[in-house]
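Enquirer: Assemble the complex: chain A is given as a structure, and chain B must be docked to it using the hints.
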Amino acid sequence: AQSVTQLDSQVPVFEEAPVELRCNYSSSVSVYLFWYVQYPNQGLQLLLKYLSGSTLVKGINGFEAEFNKSQTSFHLRKPSVHISDTAEYFCAVSPLTGGFKTIFGAGTRLFVKA
Amino acid sequence: KAGVTQTPRYLIKTRGQQVTLSCSPISGHRSVSWYQQTPGQGLQFLFEYFSETQRNKGNFPGRFSGRQFSNSRSEMNVSTLELGDSALYLCASSSLQAGGGTDTQYFGPGTRLTVL
Numbered sequence: 018a019q020s021v022t023q024l025d026s027q028v029p030v031f032e033e034a035p036v037e038l039r040c041n042y043s044s045s046v047s048v049y050l051f052w053y054v055q056y057p058n059q060g061l062q063l064l065l066k067y068l069s070g071s072t073l074v075k076g077i078n079g080f081e082a083e084f085n086k087s088q089t090s091f092h093l094r095k096p097s098v099h100i101s102d103t104a105e106y107f108c109a110v111s112p113l114t115g116g117f118k119t120i121f122g123a124g125t126r127l128f129v130k131a
Numbered sequence: 410k411a412g413v414t415q416t417p418r419y420l421i422k423t424r425g426q427q428v429t430l431s432c433s434p435i436s437g438h439r440s441v442s443w444y445q446q447t448p449g450q451g452l453q454f455l456f457e458y459f460s461e462t463q464r465n466k467g468n469f470p471g472r473f474s475g476r477q478f479s480n481s482r483s484e485m486n487v488s489t490l491e492l493g494d495s496a497l498y499l500c501a502s503s504s505l506q507a508g509g510g511t512d513t514q515y516f517g518p519g520t521r522l523t524v525l
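Protein chains in written order, with the numbering used here: chain A, 18 to 131; chain B, 410 to 525.
The following block holds chain A by itself, in its conformation from the complex (with noise of 0.2 Å):
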């Protein structure tokens, strides 16, 4: 069985300020991991997903997030936030075969302000 914990239900950042969205999960296989994005009264849209390889994933709209597999956590990175990015942020993971069978945490609320 999977869970994900998305440690912070509600982000405020100011503009330009930097941010990080966490995210510990565990799993009994391994797993692959994923950010999405949800703006409002939209569906999801992936941000980015590590599947192998660097533990540093890159993203769109600037994003990039960092696997630790001793820590079991994926947090999400951005350097600089625009009030664009006021969003609901989502980690999931997937297992490796057999499918999707996605999982996803509670959500975390990025809030950009000026």
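Hints in this document: simulated from the structure, not taken from any laboratory. Since this is a predicted model, take the numbers as computed values, not measurements. Don't be surprised by glycine CBs; every beta carbon is placed ideally from N, CA and C. Among the hints, a few may not be true.
Here are a few chain B residues that sit away from chain A, every Cβ distance over 10 Å (derived from the structure) [stated by the list, open to error]:
{"no.": "1", "residue": "PRO417"}
{"no.": "2", "residue": "SER436"}
{"no.": "3", "residue": "THR489"}
{"no.": "4", "residue": "GLY493"}
{"no.": "5", "residue": "ALA501"}
{"no.": "6", "residue": "SER503"}
Some, not all, of what chain B presents toward chain A, calculated at C-beta under 8 Å [stated by the list, open to error]:
{"no.": "7", "residue": "SER442"}
{"no.": "8", "residue": "ARG464"}
{"no.": "9", "residue": "GLN514"}
Expert: Same frame as chain A, now just chain B:
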């Protein structure tokens, strides 16, 4: 390419009724997954279909069912609606060929179901 489309976008039903939601995946995609999103439970996996076969299933009661057609379009059905079924139902498609999450899932805008 057109994205994932879901119909209808909004739906209001009363308790005890049944409802069918539709999802048209991106052309060429054979995997379709369904998720329920609520403020209390967050995003929960319902089921995944691949080539007309249910490949994975989440922990939902039997009132929730789905199917996939030969053109990869998928429907999900909820019978005997309860107030707690009010949610945003999201569909996602992928070109996944065989197992794993290496392919990207593309999400539709969702169908917002309100049960009165």
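Enquirer: Would you mind marking each hint as holding or not holding in the structure?
Expert: Status of each hint after checking the structure:
no., hint, result
1, PRO417, "holds, 15 Å"
2, SER436, "holds, 17 Å"
3, THR489, "holds, 25 Å"
4, GLY493, "holds, 18 Å"
5, ALA501, "violated, 8 Å"
6, SER503, "violated, 7 Å"
7, SER442, "holds, 5 Å"
8, ARG464, "holds, 4 Å"
9, GLN514, "holds, 6 Å"
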